[in-house]
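Participant: Work the whole structure out from these sequences, hints included.
In case you want the letters, here they are:
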Amino acid sequence: MLTRTSRLVSGARRLDPGRLLHAGSQAPQSLAAPLDNQAPDDSPRAVSRTSEKDPARHGEQHEGLHYNIPLQDMRTLFPHSLPPRFSMQVKTFSEACLMVRKPALELLHYLKNTNFAHPAVRYVLYGEKGTGKTLSLCHVIHFCAKQDWLILHVPDAHLWVKSCRSLLPSTYNKQRLDQPAEASIWLKNFKTTNERFLSQIKVQEKYVWNKRESTEKGSPLGEVVEQGIMRVKNATDAVGVVLRELKGQSSLGGFRLLVAVDGVNALWGKTTLKREDKSLVAPEELALVHNLRKMVKNDWHGGTIVLTLSQTGSLFKPRKAYLPQELLGKEGFDALDPFIPILVSNYSPKEFESCIQYYLENSWLQHEKAHTEEGKKELLFLSNANPGQLERLCAHL
Amino acid sequence: MKTSSVFEDPVISKSSNMMMKGRNKVLATSFMMQTLEAAAIKRNPYTIFHQALENCEPVIGLVPILRGGHLYQVPVLLADWRRHFLAMKWMITECTEKHWRMLMPERSLHELLEAFHNQGTMIKKYDMNKMTEAIHALAHYCWC
Numbered sequence: 000m001l002t003r004t005s006r007l008v009s010g011a012r013r014l015d016p017g018r019l020l021h022a023g024s025q026a027p028q029s030l031a032a033p034l035d036n037q038a039p040d041d042s043p044r045a046v047s048r049t050s051e052k053d054p055a056r057h058g059e060q061h062e063g064l065h066y067n068i069p070l071q072d073m074r075t076l077f078p079h080s081l082p083p084r085f086s087m088q089v090k091t092f093s094e095a096c097l098m099v100r101k102p103a104l105e106l107l108h109y110l111k112n113t114n115f116a117h118p119a120v121r122y123v124l125y126g127e128k129g130t131g132k133t134l135s136l137c138h139v140i141h142f143c144a145k146q147d148w149l150i151l152h153v154p155d156a157h158l159w160v161k162s163c164r165s166l167l168p169s170t171y172n173k174q175r176l177d178q179p180a181e182a183s184i185w186l187k188n189f190k191t192t193n194e195r196f197l198s199q200i201k202v203q204e205k206y207v208w209n210k211r212e213s214t215e216k217g218s219p220l221g222e223v224v225e226q227g228i229m230r231v232k233n234a235t236d237a238v239g240v241v242l243r244e245l246k247g248q249s250s251l252g253g254f255r256l257l258v259a260v261d262g263v264n265a266l267w268g269k270t271t272l273k274r275e276d277k278s279l280v281a282p283e284e285l286a287l288v289h290n291l292r293k294m295v296k297n298d299w300h301g302g303t304i305v306l307t308l309s310q311t312g313s314l315f316k317p318r319k320a321y322l323p324q325e326l327l328g329k330e331g332f333d334a335l336d337p338f339i340p341i342l343v344s345n346y347s348p349k350e351f352e353s354c355i356q357y358y359l360e361n362s363w364l365q366h367e368k369a370h371t372e373e374g375k376k377e378l379l380f381l382s383n384a385n386p387g388q389l390e391r392l393c394a395h396l
Numbered sequence: 000m001k002t003s004s005v006f007e008d009p010v011i012s013k014s015s016n017m018m019m020k021g022r023n024k025v026l027a028t029s030f031m032m033q034t035l036e037a038a039a040i041k042r043n044p045y046t047i048f049h050q051a052l053e054n055c056e057p058v059i060g061l062v063p064i065l066r067g068g069h070l071y072q073v074p075v076l077l078a079d080w081r082r083h084f085l086a087m088k089w090m091i092t093e094c095t096e097k098h099w100r101m102l103m104p105e106r107s108l109h110e111l112l113e114a115f116h117n118q119g120t121m122i123k124k125y126d127m128n129k130m131t132e133a134i135h136a137l138a139h140y141c142w143c
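Those protein sequences? They're chains W and A, same order as listed.
Sequential numbering from 0 applies to the first sequence in numbering that gives the first Met the number 0.
Sequential numbering from 0 applies to the second sequence in numbering that gives the first Met the number 0.
Misleading hints may appear alongside valid ones.
[Said to hold, decoys possible] Here chain W is said to cover these stretches of chain A; the calculated rule only asks that three of the stretch's residues, wherever they fall, bring their Cβ under 8 Å from a Cβ of chain W: (1) 4-14; (2) 43-53.
[To be verified] Listed below are the simulated BS3-like cross-link pairs for lysine-lysine, each with C-alpha atoms no more than 30 Å apart in a straight line: (3) A:K97 to W:K90; (4) W:K375 to A:K24; (5) W:K296 to W:K273; (6) W:K375 to A:K13; (7) W:K376 to A:K24; (8) A:K24 to W:K368; (9) W:K376 to A:K13; (10) W:K173 to W:K205; (11) A:K13 to W:K368; (12) A:K24 to W:K316; (13) W:K128 to A:K24; (14) W:K319 to A:K24.
FYI, nobody ran anything at the bench for these hints, they're computed from the structure.
Yeah, the Cβ is synthetic: ideal placement off N, Cα and C, and Gly gets one too.
Facilitator: Set out below in structure tokens:
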């Protein structure tokens with residue numbers, strides 16, 4: 000096996016015998032070595048996949064490789080929340096593969112070493128458009144799901160501040176506005192993701208919904224969620240109750256809470272919603288946004304908060320803005336102030352190769368010249384190693 | 000018009016130029032790319048495109064020739080470029096006329112796949128059988 004690998008390896012690559020012969024892990028990426036459990040090939044093949052399905056065991060040696068998420072997990076964890084192009088890709092290839100990348104690995108490392116007695120740490124994933132922030136967030140969510148955390152995932156906070164059909168004055172607080180449609184969708188998805196916890200967690204106060212219905216103290220959280228789904232008018236209040244309960248109870252240590260919000264700059268920007276008298280609505284006046292802001296404050300412990308900035312759905316922000324300061328504005332930045340920023344950048348050369356290999360393996364890149372050196376150079380040039388751009392370019396090749 | 004891109008295909012470029020309206024090349028190329036993307040599932044979109052256009056090409060065309068004050072429609076063997084042009088033109092007019100409430104990429108994908116399998120409206124409309132009657136009538140008038 001060693002003679003074959005030394006023949007196959009091109010001069011530029013360095014061979015690391017320790018890694019190569021390691022029993023459980025896969026060969027380092029782009030070394031043209033046959034895998035342990037596959038039949039050896041004669042032609043050099045760069046490796047782009049790993050069979051390590053548990054994100055907890057992803058380490059630096061898996062960087063740049065794709066790992067497979069079983070489709071059933073996808074349906075429970077992400078019932079609504081994948082970016083549209085990625086979900087089209089999942090449908091086409093009939094498998095969901097995420098690439099293990101440095102920012103996600105960094106985050107996982109921090110998460111594994113968190114001290115749950117301290118207040119929740121905030122991590123903000125930021126980067127230019129199309130670099131993979133949302134998918135890194137998905138990676139982290141998958142990891143937390145495997146570790147049995149409770150996941151509070153808001154797929155896109157921008158959806159709550161724009162193009163809402165129905166705005167009702169809030170039943171709880173007269174000055175705020177409710178959004179029944181969005182709240183009920185979110186409750187349904189929350190239920191799908193966290194089925195197990197809904198019966199374990201008990202509500203700590205009595206909540207009166209209207210004259211006939213109320214939730215007693217000590218009843219499971221699932222009842223509150225059901226109430227919100229059935230009575231759409233109370234959905235926003237149900238969301239508020241859920242968030243308040245989870246925040247209070249995660250400090251007690253029964254479970255660990257992950258708050259994952261995508262597009263968090265929506266919470267502090269402007270909205271495009273108007274009241275009946277055509278006056279603009281500020282984000283504080285939306286009950287959903289108000290509750291989510293309370294959640295994102297780090298005055299609780301027993302979990303972490305992972306946020307993603309997003310320019311794509313944001314309102315009234317310039318297209319090239321990607322830094323936290325620009326997208327969050329002064330108010331948002333002050334509110335989020337002690338946070339750990341994690342930059343998500345374009346593909347490194349290794350990751351780029353791996354991505355192209357993955358597309359070739361799934362016979363997505365069909366052009367004859369696609370796997371030649373010139374083709375790859377051209378794709379690199381056109382996309383500038385930006386994952387989103389590369390995906391769009393490869394779509395029609 | 001010729002790019003130095005490795006992935007350039009003159010047929011695709013020509014078709015997307017013909018689809019272009021109002022100097023909107025961006026829109027035309029985006030339609031083309033969306034069609035190719037939809038056709039690219041498990042098969043090579045370029046081979047499909049080329050094959051479909053070849054299936055649509057007419058072999059003989061009717062050319063009006065003026066003789067003795069009368070215009071005769073004479074069957075004539077068409078040149079290469081004329082055939083390619085006619086195939087593309089017919090394909091695009093089919094797609095634009097019969098929208099069927101579908102968007103352009105979907106409709107053109109539909110036409111492409113039908114032409115690839117030698118079925119569909121393209122083949123029926125511009126079939127050789129129509130030409131054979133003209134051939135019978137005017138074969139001995141072929142002065143070309």
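Participant: Please go over all the hints and tell whether each is borne out by the structure.
Facilitator: Now the hints, each set against the structure:
1. 4-14: It holds: at least three residues are needed, and the stretch 4-14 of chain A offers 3 whose Cβ sits within less than 8 Å of chain W.
2. 43-53: holds (count 3)
3. A:K97 to W:K90: With Cα atoms ~29 Å apart, K97 (chain A) and K90 (chain W) stay inside 30 Å; holds.
4. W:K375 to A:K24: Given that 30 Å is the threshold and the Cα spacing comes to 25 Å, the pair holds.
5. W:K296 to W:K273: holds, 27 Å
6. W:K375 to A:K13: At roughly 25 Å apart (the allowed maximum being 30 Å), K13 (chain A) and K375 (chain W) satisfy the hint.
7. W:K376 to A:K24: holds, 25 Å
8. A:K24 to W:K368: holds, 24 Å
9. W:K376 to A:K13: holds, 25 Å
10. W:K173 to W:K205: Distance ~21 Å between K173 (chain W) and K205 (chain W) Cα, so the pair holds.
11. A:K13 to W:K368: Answer holds: K13 (chain A) to K368 (chain W) is near 20 Å, not above 30 Å.
12. A:K24 to W:K316: At roughly 28 Å apart (the allowed maximum being 30 Å), K316 (chain W) and K24 (chain A) satisfy the hint.
13. W:K128 to A:K24: holds, 24 Å
14. W:K319 to A:K24: holds, 25 Å
Checked against the numbered hints above, the structure violates none of them.
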